[in-house]
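Counting in UniProt numbering, the sequence shown tops out at residue 437, every number present.
By construction, these hints were calculated from the structure, which means they are not laboratory data.
Heads up, a few of these hints could be off.
[Stated by the list, open to error] DSBU-like mimics (lysine-lysine), calculated; alpha carbons at most 35 Å apart, straight line:
| # | residue 1 | residue 2 |
| --- | --- | --- |
| 1 | Lys80 | Lys271 |
| 2 | Lys162 | Lys220 |
| 3 | Lys294 | Lys317 |
| 4 | Lys409 | Lys270 |
| 5 | Lys404 | Lys377 |
| 6 | Lys139 | Lys294 |
| 7 | Lys198 | Lys162 |
| 8 | Lys139 | Lys220 |
| 9 | Lys363 | Lys404 |
| 10 | Lys270 | Lys377 |
| 11 | Lys363 | Lys220 |
What you are looking at is a predicted structure, and each value in this text was computed from that prediction instead of being measured.
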Amino acid sequence: TVGASTSDRRFAATVKLGSGLEVDGESLTEPKDYGKEMVPLVRDMGGGQCTSESVLKAQNITGKIIICEAGGGVSTAKAKMVLRAGAFGMIVVAPAVFGPVIVPRPHVLPTVQVPYAVGQKIKAYLEAESSPTANFIFKGTLFDTPRSPMMAPFSSRGPNVKSRGILKPDIIGPGVNVLAGVPGVVDIVLQPKEVMPKFDIKSGTSMSCPHLAGIAALLKNAHPTWSPASIKSALMTTTETTDNTKKPIADVDGTQATYFATGAGHVNPKKAMDPGLVYNLTAAEYIPYLCGLKYTDQQVNSIIHPEPPVTCDKLRKLDQKDLNYPSITVVVDKADSVVNASRAVTNVGVASSTYDVEVEVPKSVTVEVHPPKLTFKALEEVLNYTVTVKTAAVPDGAIEGQLKWVSSKHIVRSPILILPGTGEEDTTEAAAPSAQP
1 TVGASTSDRR FAATVKLGSG LEVDGESLTE PKDYGKEMVP LVRDMGGGQC
51 TSESVLKAQN ITGKIIICEA GGGVSTAKAK MVLRAGAFGM IVVAPAVFGP
101 VIVPRPHVLP TVQVPYAVGQ KIKAYLEAES SPTANFIFKG TLFDTPRSPM
151 MAPFSSRGPN VKSRGILKPD IIGPGVNVLA GVPGVVDIVL QPKEVMPKFD
201 IKSGTSMSCP HLAGIAALLK NAHPTWSPAS IKSALMTTTE TTDNTKKPIA
251 DVDGTQATYF ATGAGHVNPK KAMDPGLVYN LTAAEYIPYL CGLKYTDQQV
301 NSIIHPEPPV TCDKLRKLDQ KDLNYPSITV VVDKADSVVN ASRAVTNVGV
351 ASSTYDVEVE VPKSVTVEVH PPKLTFKALE EVLNYTVTVK TAAVPDGAIE
401 GQLKWVSSKH IVRSPILILP GTGEEDTTEA AAPSAQP
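Put together the whole structure using the sequences plus the hints.
Following this line, the structure appears as structure tokens:
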């Protein structure tokens, strides 16, 4: 499972106000011949969202820049109404929940999209002036802009409702303002439809997922014998957890993003090519895990289609925490708990190599790893280790940490997540599965 993040690319544009204040936004609509003169600035008198063409025409917005709030429809549809009403340009204010993240769209007239906080500054100027004016300054594409990556506001978050012992999402990748091929027509200002490009800027986890799928394909080409689980492991254990300002990856509200947002972190394709160690799994190993979730025989067989069919009562169930996953999640349901989770790693790095463990967790918990050192003598050698989590009390919420296996060449990182029990882990029957784990 893949979450979406921003990249360091911005389609920069500035709104210049009559007071001299300049505020930044983004735009995919940059006319070739755009005047520098200031024009009147107005707001929609029909509620602020620019949803009524009749109201827009009645208030006479000809030759003016109008501010349109989020809501009531997509901004591209609003732009068509605004253009028909005679406007010179449009400022689109993003929802507050989007924070500083902007998801620009191509519009049929000059448009700058701004974050909610910036929109409030523009509206404050508008209300304070008797004859407010504005204009746009288009700056093209900028790179290396801080802070990035940052979580996308639309990216789905954990926890994993059906299987709390498996951290979701697994990883994040670029999913905001992605240049993508499109089958239909794109509305771009001052361009006839017959010469419309076959590309558009798209955002969504449906953009981050192809990034990860493509990287996985490159890994499979470089390592033809690797299983899907090994490829997933290579991706997850080599991620980045900081942005281009060396700070932890931020959520849309500016706070540090949690594992429920980032999973293991942001994908790093180059590092994933040489992960050192991988956590391998076969399809057959998922069967006792699914049975342990109390799926029925019919449900398990519908997911995996094994031959012969599975009978869960005849199998030794596998606890979620012991699935050989690249992340480690344990559930603590009582005070003074000691919880063990087992893992096995396969050497795909240097034949003769030694890895020492490093664990970082808050002082409220103790995490021990046995053995603390893994010494490999050959490639494809598999070694096991156990993670022991000790807590004096049931945690109030999720506790995050990390485990690293460190050699002279590789760092193999796994997030550690400690969750409070719900009292339902051993009693709730699983609902019908909607997807494979």
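We went through each hint and held it up to the structure:
1. Lys80 to Lys271: The hint is violated at about 46 Å.
2. Lys162 to Lys220: 30 Å, holds
3. Lys294 to Lys317: Distance ~9 Å between Lys294 and Lys317 Cα, so the pair holds.
4. Lys409 to Lys270: OK: Lys409 and Lys270 at ~14 Å, within 35 Å.
5. Lys404 to Lys377: 20 Å, holds
6. Lys139 to Lys294: This hinted pair is violated, its Cα atoms lying about 57 Å apart.
7. Lys198 to Lys162: 40 Å, violated
8. Lys139 to Lys220: Violated: Lys139 and Lys220 sit about 40 Å apart, past 35 Å.
9. Lys363 to Lys404: 18 Å, holds
10. Lys270 to Lys377: Within the cut-off at roughly 25 Å; holds.
11. Lys363 to Lys220: 40 Å, violated
Of the numbered hints stated above, those contradicted by the structure are hints 1, 6, 7, 8, 11, listed in ascending order.
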